[in-house]
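Protein chains in written order, with UniProt numbering: chain A, 1 to 544; chain B, 1 to 98.
Watch out, some of these pointers could steer you wrong.
[Claimed, not checked] No farther apart than 25 angstroms at their CA atoms in a straight line, the calculated lysine-lysine pairs in the DSS-like style are these: (1) K515/A - K539/A; (2) K539/A - K385/A; (3) K70/B - K473/A; (4) K429/A - K515/A; (5) K70/B - K87/B; (6) K87/B - K429/A; (7) K473/A - K429/A; (8) K37/A - K70/B; (9) K539/A - K429/A; (10) K165/A - K247/A; (11) K37/A - K247/A; (12) K70/B - K429/A.
I should point out that these hints are in silico values taken from the structure, not numbers from a laboratory.
As a plain string of letters, each chain reads:
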Amino acid sequence: MYRYDEYDQSIVDARVDEFRDQVRRRLAGEITEDQFKPLRLMNGLYLQLHAYMLRVAVPYGTLDSRQMRMLAHVARTYDRGYGHFTTRQNIQYNWIRLDQAPDILAELATVEMHAIQTSGNCIRNISSDQYAGAAADEVADPRPWAELIRQWSTFHPEFTYLPRKFKIAVIAAEEDRAAMRLHDIGIRLTRRDGVLGATVFVGGGMGRTPMIAHEIRDFVTADDLMSYLEACLRVYNRYGRRDNIYKARIKILLHEIGPDEYRRQVEEEFAKVKALGIDPPAAELARITAMFAPPAFDPAAAGDVADRSDPDFAVWLDQNVRAHRQPGYAIVNISLKPVGGIPGDASADQIDVMADLAQRYGFDELRVTHAQNIVLPHVRIADLKAVWSALVDAGLAEANLDLISDIIACPGLDYCSLANARSIPLAQKIGERFADPARQRDLGELKLKISGCINACGHHHAGHIGILGVDRKGTENFQLLLGGSGAEDVSLGRITGPGFDEDGVVDAIERVTDKYLEVRETGERFVDTYRRVGMTPFKEAIYG
Amino acid sequence: MRLITGNDLATGDVVWWTGTDWSRHVEQAADAGERAEAIAREEEAARRVNVPYVIAATATADGPRPAHIKDRIRALGPTVRPDLTLKPADPAAGSWVI
Numbered sequence: 001m002y003r004y005d006e007y008d009q010s011i012v013d014a015r016v017d018e019f020r021d022q023v024r025r026r027l028a029g030e031i032t033e034d035q036f037k038p039l040r041l042m043n044g045l046y047l048q049l050h051a052y053m054l055r056v057a058v059p060y061g062t063l064d065s066r067q068m069r070m071l072a073h074v075a076r077t078y079d080r081g082y083g084h085f086t087t088r089q090n091i092q093y094n095w096i097r098l099d100q101a102p103d104i105l106a107e108l109a110t111v112e113m114h115a116i117q118t119s120g121n122c123i124r125n126i127s128s129d130q131y132a133g134a135a136a137d138e139v140a141d142p143r144p145w146a147e148l149i150r151q152w153s154t155f156h157p158e159f160t161y162l163p164r165k166f167k168i169a170v171i172a173a174e175e176d177r178a179a180m181r182l183h184d185i186g187i188r189l190t191r192r193d194g195v196l197g198a199t200v201f202v203g204g205g206m207g208r209t210p211m212i213a214h215e216i217r218d219f220v221t222a223d224d225l226m227s228y229l230e231a232c233l234r235v236y237n238r239y240g241r242r243d244n245i246y247k248a249r250i251k252i253l254l255h256e257i258g259p260d261e262y263r264r265q266v267e268e269e270f271a272k273v274k275a276l277g278i279d280p281p282a283a284e285l286a287r288i289t290a291m292f293a294p295p296a297f298d299p300a301a302a303g304d305v306a307d308r309s310d311p312d313f314a315v316w317l318d319q320n321v322r323a324h325r326q327p328g329y330a331i332v333n334i335s336l337k338p339v340g341g342i343p344g345d346a347s348a349d350q351i352d353v354m355a356d357l358a359q360r361y362g363f364d365e366l367r368v369t370h371a372q373n374i375v376l377p378h379v380r381i382a383d384l385k386a387v388w389s390a391l392v393d394a395g396l397a398e399a400n401l402d403l404i405s406d407i408i409a410c411p412g413l414d415y416c417s418l419a420n421a422r423s424i425p426l427a428q429k430i431g432e433r434f435a436d437p438a439r440q441r442d443l444g445e446l447k448l449k450i451s452g453c454i455n456a457c458g459h460h461h462a463g464h465i466g467i468l469g470v471d472r473k474g475t476e477n478f479q480l481l482l483g484g485s486g487a488e489d490v491s492l493g494r495i496t497g498p499g500f501d502e503d504g505v506v507d508a509i510e511r512v513t514d515k516y517l518e519v520r521e522t523g524e525r526f527v528d529t530y531r532r533v534g535m536t537p538f539k540e541a542i543y544g
Numbered sequence: 001m002r003l004i005t006g007n008d009l010a011t012g013d014v015v016w017w018t019g020t021d022w023s024r025h026v027e028q029a030a031d032a033g034e035r036a037e038a039i040a041r042e043e044e045a046a047r048r049v050n051v052p053y054v055i056a057a058t059a060t061a062d063g064p065r066p067a068h069i070k071d072r073i074r075a076l077g078p079t080v081r082p083d084l085t086l087k088p089a090d091p092a093a094g095s096w097v098i
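Produce the complete structure using the sequences and hints provided.
Below you can see the structure in the form of structure tokens.
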């Protein structure tokens, strides 16, 4: 894992001191809310439906046990005993006091954490593959590059006031586990003739105008990547619209001028930027990369075999554990989606349990996924049973990864001041309707995603089944979408037709899944069947 | 009736204008009538409330009920965590929210 150097620590500490003074001035009435709001947002502090909400950055979703315990401590000491892991691989606390926010940031800084750039029109937390460093299919570890981009983008003087927020994802595998092409910039590391480089995609995003990112550069060498990103941002910063918040994202710029013209301008800018020499010296890249060296795997683990005699354990193994590139090790996915629970929520005690397991069995590493689950990326196969047993005791052993109850849901109208409808109760009802584990497994991979408003924090456009909550004359209404995907087979879902009330949309989903079971062919996932047969059979099943 | 709601500056708690002060309980909210916007401005300027705004509500025997679901959820707390609402011991507390 990356460890702060003196420079990293000093800028985070200085930011805490600065924010403490800003809060003091606000509480003393020396500055108005209009003046204070952009300052608090730059430190991740929102005013939400019930209270202040603090969004803490988890860079590329990577944590160690010390940091995870700090998240539990914050939940227990300053909030109401829980936190909410988000689709941006961050964590949010819903019940923060303004007068305590500086103390929280000071505590976070002691474990190399902060809330900087988790809001505002700047480059946000960098997303990455939760299996980085463990996946067999990656061409390189994406984390050093994500870290480099984090450092480049932190307090970048040109990009602190962009036209709109900006999200970057870095992956290094063909399988896209980070919704890479639904980011403002998506980077897929690749090798060409033995040279490490990247394919760069620009202009993706969800929200009210969902778009899939265009491939802007087939291959840029890793040596040039930072210059190329700088050029991509400069063109956006120069021409992105600032007159209309709904047309300010880079996806709209690409839509308006076209990817070819954008590419031409980026190439022109790239030639100028390259001369500035902003790409890191080899020694600095080596310093960062060394911090992501593989852990000391035990070669003797290669012969490990899991004891599958406990049927519940065997089901969890099949559903939540993925192959590791190191023989004898596995990737453990901890579901934060118990049936009837709140997607992404974890209590302080549960967060501590996950930290303990990472420290004892997982080389001290954890990952937050964009699907609002937690990953222990390096667990010896011989230890899986002990890990599972501890998860069972903590209520964290739901064996539903990528199944219909593994629902992504935004906080919705229960917490969010932007929301039009409640996402969480709907997720709970769907989870309960499909609670039978055998039924879920029969349905197979089915990614269901719920947003409580058009801003799409719940990624509904990218759900195999997506749900969008809207306000219809003061009443919650839910639109159903089919056929989306945030993975390497990226696609945007299509609305089925008129919306439903809460119970109605649960019934509609059941009619959709029944139709799928009726018409699927061998080996087809739900989304495969949808793509083969189209919307019509499902629409007929839903609306008659 | 017209209510004024906002958040306590230091704690962030949802608060309601009672006619003379601010309360966390919507039952104590008062009809601010035509002066609602002016009161909101005065109270915000005095830092007794943060980001106040005026909403429509209905008077009932149990007290004022905000017209919009968003403000009703603000008044009680998240519907999915009754233990974190203002009345965690009252199972019927949320019957008017949805």
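Exercise for the section: Find the hints from earlier in the document that the structure breaks and name them by number, from lowest to highest. Expected result: As far as the earlier hints go, only 2 is violated by this structure.
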